[in-house]
Amino acid sequence: MPENYSMKKICIRQKFSVSYDYPVLFTRNTFTSMNEDLISLIDNQDESPKILPIIDSGLLAANPALEAQVATYFSHHQVNVLPALLVPGGEDCKNDAGVIDLIYQAVEKHAIDRHSYILVLGGGAVIDCVGFAAATAHRGIRLIRMPTTVLGQNDAGIGVKNAINYNHRKNYVGTFAPPYAVINDFSLLDSLTTRDKRSGISEAIKVALIKDADFFNELYQNRERLANFEPKAMETMIIKGAQWHLNHIATSGDPFELGSARPLDFGHWSAHKMEELSHNELRHGEAVAIGIAMDSIYSNLIGNLKTDQLTKILTLLITLGFNLAHPVLEKLNINNALDEFKEHLGGKLCITLLKGIGASFETNEINEALMEKAVSQLLANAINKTYPDLQDQFC
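Here the sequence shown is numbered in the working numbering, starting from 4 and rising by one per residue.
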């Protein structure tokens, strides 16, 4: 090559857009033969695709006939359904890498291809785990989600994120991969424990606080009905919570979270750490409820949230039965939790706080002393003294 040879810089810039479109259906009794919500999603024109059901073992324990109902439903509609795969429920599913391998083995054994389907029935953690496996096997198998918890139906099961835990870090390994479809079957919530029904309401409160004052006021007015899990109040809460979560994903301009701002993570920077510190004894929604209370108190301490508004937030959480003084708070290191959340965000801290009910803002700094004060108020049961309108509700 001649010594005076100089190659000009060449840059070919690639740019394209991909449109995503998937239905989120609300129904009851999916697996009765007359209900065609699920079967209508299956592309069965050329040849019968394969359906691999993956079921949360906890869900099956509470609904022993479910596995047979799934098999009978698809057989009735002449669709090739494979034997169901059972996986552990809760964070156990996301903590055990062997679960992912089990799903990969089933995909290989049954020759599941990109035109087949994985149908997952379970709570938010199972949806997360199976979603990760489905997104990475063959670079993506069609996934139909059927969330079976309140939290799964109004938040975790309807969005575009999938993840598993790694080295005690929550959601450390994951993907952004929209599902093929989501079916929220309210009848699958009937067997939930009181604790699990309550836990999922916190995510609806979260999205109402940052997005919609009218929705929050509706939750507040219905707090006794929600505390008693009255079906109409619960179903309305789930539908509106899901609508707001979906709306944010579609309209925020950052559906795959490439930036640092994460409004839907309001109350979560501490919640993720508290789950870890409690060895997952705390449900995700329970930790989020505490995180919401903590960040709401902090928003009040810095002068951005009125005291009467804070009182309504705390009253709602307490009326629903959330324990806002959980002993895990004593183990919470504010600085460490913020550092880990900053890493999760991509290196720049961005925390969502409240400037009113239905209105939020982002900050890059947290006054640790004031946040410690917020934690102290929760731990010391001092909310009655600071906010007397709560009287003796605080537990």
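Treat the hints with care, since some could be wrong.
[Unchecked claim] For lysine-lysine, the following DSSO-like pairs were computed, each having C-alpha atoms within a straight-line distance of at most 27 Å:
| hint | residue 1 | residue 2 |
| --- | --- | --- |
| 1 | Lys12 | Lys112 |
| 2 | Lys345 | Lys334 |
| 3 | Lys376 | Lys351 |
Rather than coming from a laboratory, the hints here were simulated on the basis of the structure. Since we're looking at a predicted model, the values are computed, not measured.
Do the hints match the structure? See the list:
1. Lys12 / Lys112: violated (48 Å)
2. Lys345 / Lys334: Roughly 19 Å between the alpha carbons, so the hint for lysine 345 and lysine 334 holds.
3. Lys376 / Lys351: Holds, at roughly 24 Å.
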